[in-house]
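> Each protein sequence line maps, in turn, to chains W and B.
The first sequence stops at residue 483 when you use numbering that gives the first Met the number 0, and every number in between is there.
The second sequence stops at residue 564 when you use numbering that gives the first Met the number 0, and every number in between is there.
None of these hints come from the bench; they were simulated from the model.
Remember, it's a predicted structure, so these values are computed and weren't measured experimentally.
Be a bit skeptical, because a hint or two may be false.
[Unchecked claim] Using C-beta positions, here's what the derived DEER-type ranges look like:
#1 Trp119/W - Ala301/B: 24 to 32 Å
#2 Glu282/B - Tyr94/W: 25 to 33 Å
#3 Asp372/W - Cys38/B: 25 to 33 Å
#4 His49/B - Thr42/W: 45 to 53 Å
#5 Ala186/W - Ser176/B: 39 to 47 Å
#6 Asp372/W - Trp48/B: 40 to 48 Å
#7 Ala115/W - Tyr331/B: 56 to 64 Å
We treat Cβ as the ideally placed atom computed from N, Cα and C, and that holds for glycine.
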Amino acid sequence: MIRCIRHTAAFSFLLLVAVLVNAARVQIFETEHYGTSPANRRTSIARYEQPRGALLVAGRPVTGSRDSGGRLRYERSYTDGPLYAPVTGYSSQIYGTSLLESAEDGVLSGADDRLATFPWWDRLTGTHRPGGRVHTTINPRMQRAAFDGLGDKKGAVAAIEPRTGRVLALVSTPSYDPGELSGNGTAVGAAWRRLNGAERRPMLNRALGETYPPGSTFKVVTAAAALESGKVTDIDAPTDSPDPYPLPGTATRLGNAAKGCADAPLKDAFRASCNTVFARLGAEVGLRDMAGTARKFGFNDRGLRIPSPVAPSNFDTRMDPSQVALSAIGQYDTAATPLQMAMVSAVVANGGRLAPPYLVDKVTDARGVLIEDGPHLPARQAIGPVTAQQLQDMMVDVVEHGSGRRAAVKGATVGGKTGTAQHGVHNEGLPYAWFISWARAKDSYEPAVAVAVVVEDAAAERADISGGGNAAPIAQAVMAAALG
Amino acid sequence: MARAAAARPLDTPPPLPLLPKRRGIELALLVGAVLISVCGYVVVGLTRWHALPGGAVRYGAGLGALALLAHLAVRFRAPYADPLLLPTAVLLNGIGLVLIFRLDLDTPGNHAAPTQLVWSTVGFLLFIGVVVLLDDHRTLQRYAARCAGLALLLMAAPILFPAVNGAKIWIRLAGFSIQPGEFAKVLITVFFAAYLAANRGVLARTGRSMGRLRLPAGRVLGPVVAIWLVSVAVLVLERDLGTSLLFFGLFVVLLYVATGRTGWIAVGLLLAGIGAAAVGTLEPHVHSRVEDWQHPFAGIAAGQGPGQLAQSLFAFAAGGMFGTGLGQGHSYLIGFAMKSDFILATFGEELGLAGLTALFLLYALLVARGYRAALGLRDPFGSLLAVGLAALPALQVFVIAGGVMGLIPLTGMAMPFLAQGGSSVVTNWIIVALLLRISNRARTPRAAAGGPGSGGRAGAEAGSAGAGTGGTASGPPPHAADHRPVDEAVGEAVGEAVNEAARDGRSRARGLAGQDTFFGAGSWVVGFLKPTASPSRSRPPSAPPPASAPPPAPADEASSPEAGR
């Protein structure tokens with residue numbers, strides 16, 4: 000009997016070993032697998048157990064956290080939701096995160112290892128670190144000026160500091176309050192469906208996520224390509240341009256809205272926005288150099304992050320000469336985000352150097368200890384300084400004597416370019432009004448700001464929807480705010 | 000007993016230390032168990048409110064008072080009882096109360112801890128009652144038939160009551176719900192042990208040979224199989240599969256221990272396989288459990304969210320190595336039955352693999368001390384009863400822990416002492432009380448039963464020395480004989496030890512006895528990890544028995560095929 004009792008004991012011991020081995024399997028080897036299962040609510044519970052780190056504009060938080068008292072405890076709140084929505088994005092307990100909330104999620108939620116002195120110790124003890132703080136580069140006065148300037152029009156504004164690439168304003172209207180999406184109740188689902196189904200698409204971030212045909216504002220790029228390639232050496236010398244201009248290889252004849260475009264010098268053609276001159280120049284420069292110049296300005300860059308993702312602006316790389324000619328005046332398949340056009344303006348203002356734009360100034364932990372300085376990406380020479388100087392002269396001419404007079408800022412040198420872009424099949428859609436500009440104080444060599452404004456199909460007379468009429472005043476307000 | 004030796008002649012060597020009853024150690028361990036439980040309570044309070052929980056003092060005092068009462072009962076009524084059984088049970092019960100208290104915080108509308116506290120108190124009182132009133136476990140042998148009848152009655156009773164959550168295992172009376180199947184476990188064990196003890200000779204010797212297997216004869220097995228079939232049928236009707244699995248395991252284990260026939264294991268496994276296959280395919284309730292076990296995350300893929308087992312696995316996985324800390328887990332996501340069947344998930348999540356290992360070792364300790372008592376007894380009924388009572392929690396822990404961790408299909412069953420459920424706690428306390436009674440008998444030195452004498456004392460001393468160094472000195476653990484003569488193994492062990500003591504002087508024996516005080520707790524592992532270390536098991540007794548020991552081995556033992564015990 001003793002032998003049998005021992006066997007029974009050994010069998011019990013085996014059971015113990017089996018249970019322990021299985022416990023080790025579940026608790027050690029499957030931890031990762033089970034813990035990351037989307038059905039495991041622990042991830043969300045832990046994530047919302049503490050207040051989310053703040054996003055700051057000019058040192059003041061524009062986001063907060065609200066204790067819901069529920070199982071997912073803290074919900075995101077926004078002090079000025081619609082104004083900063085294109086900057087912050089939303090942080091929803093149901094629908095995830097977007098824009099900066101998404102790009103800086105690790106820091107804001109406290110998961111980022113840089114927030115800890117000893118990450119492995121925190122992992123071991125399961126310590127929750129308080130979320131870090133993300134300081135943005137946004138200038139609140141410019142943001143407000145752009146937002147108020149757009150009013151209830153559909154459109155977007157992007158403003159950057161040309162020398163550094165700091166994004167100073169990022170506005171998209173109509174906007175929405177991301178705070179509506181924070182929680183996890185039925186109201187959140189209803190708000191999500193309402194916002195996504197709305198005809199005016201308030202959740203679309205037009206400044207970063209939408210591309211528009213840039214129209215005449217793209218002539219800055221075409222002019223740069225013409226000057227860089229040597230097709231034009233003197234901006235005051237007449238060009239050999241017919242009016243109307245027959246598109247190469249086709250019977251289509253391209254006309255002008257303006258008068259006096261035949262053989263006009265580049266500077267005059269730029270001021271009057273002569274389609275014929277720039278279409279011919281584009282075709283003459285050729286696809287390779289046009290595309291190359293566009294790329295240097297930032298077109299066709301699929302990887303741009305500020306760190307919110309930016310939709311790539313497009314300049315086709317396979318076209319026949321007539322399509323190149325149309326693309327050179329910002330039509331055909333050419334499309335750009337407002338941020339991209341602000342970068343074009345910034346390159347001109349910054350002596351031809353492109354500083355990659357960025358939105359995060361610095362990241363600190365909850366106590367303010369710096370853990371990441373803004374991205375110091377090197378500026379690169381997009382066009383030569385001489386070309387940039389010539390373009391500056393032409394853009395200043397537009398504001399002083401051309402269609403951009405309403406962008407003039409007292410006491411500042413302002414350069415600009417208007418644009419009115421056709422869109423839709425057979426161009427039946429209401430046109431987009433564009434204005435891109437830069438400004439520097441009269442007593443300074445350093446440009447203060449580069450702005451791009453786009454206003455979508457305002458229901459107005461077609462002649463009235465022009466960059467000079469609708470978009471320039473908004474740009475003027477933003478630049479005034481930057482200088483003032 | 001050994002105190003009687005105080006009247007020794009002046010010229011004898013220095014006296015042996017008195018045989019340790021180890022009640023002091025039991026008391027110390029009890030204090031530790033109560034303190035650990037109170038610590039758990041305090042930690043939960045600190046975690047949730049950053050303040051001491053209001054009831055901590057009351058809880059500690061209550062648990063301490065009950066433990067003290069139980070200790071006093073043991074001290075006066077079962078002084079030689081195993082000192083580890085009671086503290087282990089108190090600690091497990093204390094941990095269970097802390098866990099339920101902690102889970103109550105996440106279910107504001109449903110507080111289970113106060114009820115559980117009441118039931119635990121009832122359990123303690125029943126424990127004391129059994130220890131005080133039951134003088135000798137052999138008394139139970141006389142009531143075996145009545146036990147069987149009562150067990151069947153208890154198991155059948157819930158059929159008359161409405162099903163709760165798909166299982167008809169409850170009796171609801173005046174606001175109390177009782178699970179009679181829990182009590183039936185003990186009664187059935189008593190019956191099995193008594194019946195097998197009476198018939199083991201017949202069971203072992205009759206029957207046909209099939210190769211190396213010797214199949215038992217059906218005739219002698221009739222009553223046992225009948226009882227077992229009825230109990231399993233009742234349980235399947237009530238859809239309480241955990242308990243029927245438990246009965247089945249218990250049945251096979253006891254048959255094997257009683258007869259020493261490996262054939263029983265084969266028969267048992269065969270029956271289990273057929274039964275499992277049949278029930279698993281025919282019974283939809285069970286079938287879904289098996290499906291759940293094979294695909295715990297099927298619900299997620301189907302878009303219905305994680306099922307209970309998936310939530311349980313998530314909870315264990317969230318615990319990792321060291322756990323989230325008491326009060327900081329999210330095991331409430333399991334929902335239904337989180338305080339009963341799934342309580343282990345809370346433990347695993349909040350105390351991690353480290354805590355879980357410690358918990359399983361506590362259970363292992365309890366079970367091992369049960370087996371140890373079985374080894375120390377001379378009467379087959381006692382041994383079988385002890386094995387059965389120890390195997391019950393062992394199987395139960397395996398079935399439910401394996402179930403909630405995805406090792407085997409989940410069957411509803413209470414984690415002994417931990418889970419919410421009054422019947423279960425009460426039953427477990429009765430089991431511990433019986434084991435304690437049996438261990439008292441097993442450890443009572445022969446000298447206490449017989450007259451005082453230096454030989455008897457030395458024998459008992461050496462016997463416990465053997466326990467302390469079980470792996471090295473001698474295989475069989477100490478069992479001083481009770482009323483019966485020392486059997487072969489013990490006789491030899493004692494004889495050897497006595498001879499050795501005579502050679503080396505008594506200081507050595509004393510040293511070993513001292514060691515036992517410290518290492519007694521761990522010796523069982525060594526003991527059964529090295530079962531072959533005993534030189535005495537396979538050969539007939541040859542060493543001279545101690546002077547006062549009567550000649551070994553009564554006839555029925557010697558003639559049994561397993562006489563080499």
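> Hint by hint, say whether it matches the structure.
Against the structure, the hints come out as follows:
| no. | hint | result |
| --- | --- | --- |
| 1 | Trp119/W - Ala301/B: 24 to 32 Å | 38 Å, violated |
| 2 | Glu282/B - Tyr94/W: 25 to 33 Å | 43 Å, violated |
| 3 | Asp372/W - Cys38/B: 25 to 33 Å | 47 Å, violated |
| 4 | His49/B - Thr42/W: 45 to 53 Å | 25 Å, violated |
| 5 | Ala186/W - Ser176/B: 39 to 47 Å | 41 Å, holds |
| 6 | Asp372/W - Trp48/B: 40 to 48 Å | 41 Å, holds |
| 7 | Ala115/W - Tyr331/B: 56 to 64 Å | 28 Å, violated |
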